[in-house]
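Residue 119 in this note's numbering sits at position 119 of the sequence shown; the count goes up by one each step and never skips.
Where hints are given, some of them may not hold.
Said to hold, decoys possible - Simulated pairs of lysine-lysine, DSS-like, Cα-Cα distance not exceeding 27 Å:
hint	residue 1	residue 2
1	K11	K106
2	K2	K127
3	K133	K46
Claimed, not checked - Ranges of calculated distance between the beta carbons of each label pair, as one might list FRET restraints:
hint	residue 1	residue 2	range
4	N31	M1	27 to 33 Å
5	K133	Y107	42 to 48 Å
6	E12	N95	17 to 23 Å
7	F91	P134	34 to 40 Å
8	D52	N132	40 to 46 Å
Honestly, the hints are just simulated from the structure, not real lab data.
Please read all numbers here as calculations on a predicted model, not as lab measurements.
Using N, Cα and C, we set each Cβ at its ideal position, and we do this for glycine too.
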Amino acid sequence: MKKIDFEVLQKEIIDFLNGMDHMVLSTCSDNRVTARIVSVINVGLKILFQTDKDFLKYRQIKENPNVALCSGNVQIEGRAKIAGHPLEHHFFKENYPKRHAGSFRKYSHMRDEVVIEVEPSLITLWKYDNENKPLREYLMPDERKAYRDYYEKVQ
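Given only the sequences and the hints, what does the whole structure look like? Please build it.
Have a look at this one:
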């Protein structure tokens, strides 16, 4: 693996997230893995979405906060945190309606609705270089490190 510029890769990922409205969220508890689409916003690398306390994803996150999100060629592993009611979360209340007005109107006022924040611990991007060789780039936000690894298998 070759070390690459952390700031450059972080900016690329933030730009990607800034344009992302939906991601697949995977959660797991009691040896059961589930996945579903969630409507997301972000602040930097942190990803936020809302859900209801009665939903399976909420119960699984309470039991096991380790989650994964993906969209396109980007895979994110992170830790989820329950961050209060949508109308009491300043950033969420100000920014979620800009991208998901209908969802905000329909659900954010409900009593059992909560905001979930995901802090990424590892972000992987699948890419191709200028010669069309497959590679993966890894961003480790906690360590402020980034790496590139060519995907080469002997045939």
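For this session: Please write out, lowest number first, the hints stated earlier that are contradicted by the structure.
Result: 1, 3
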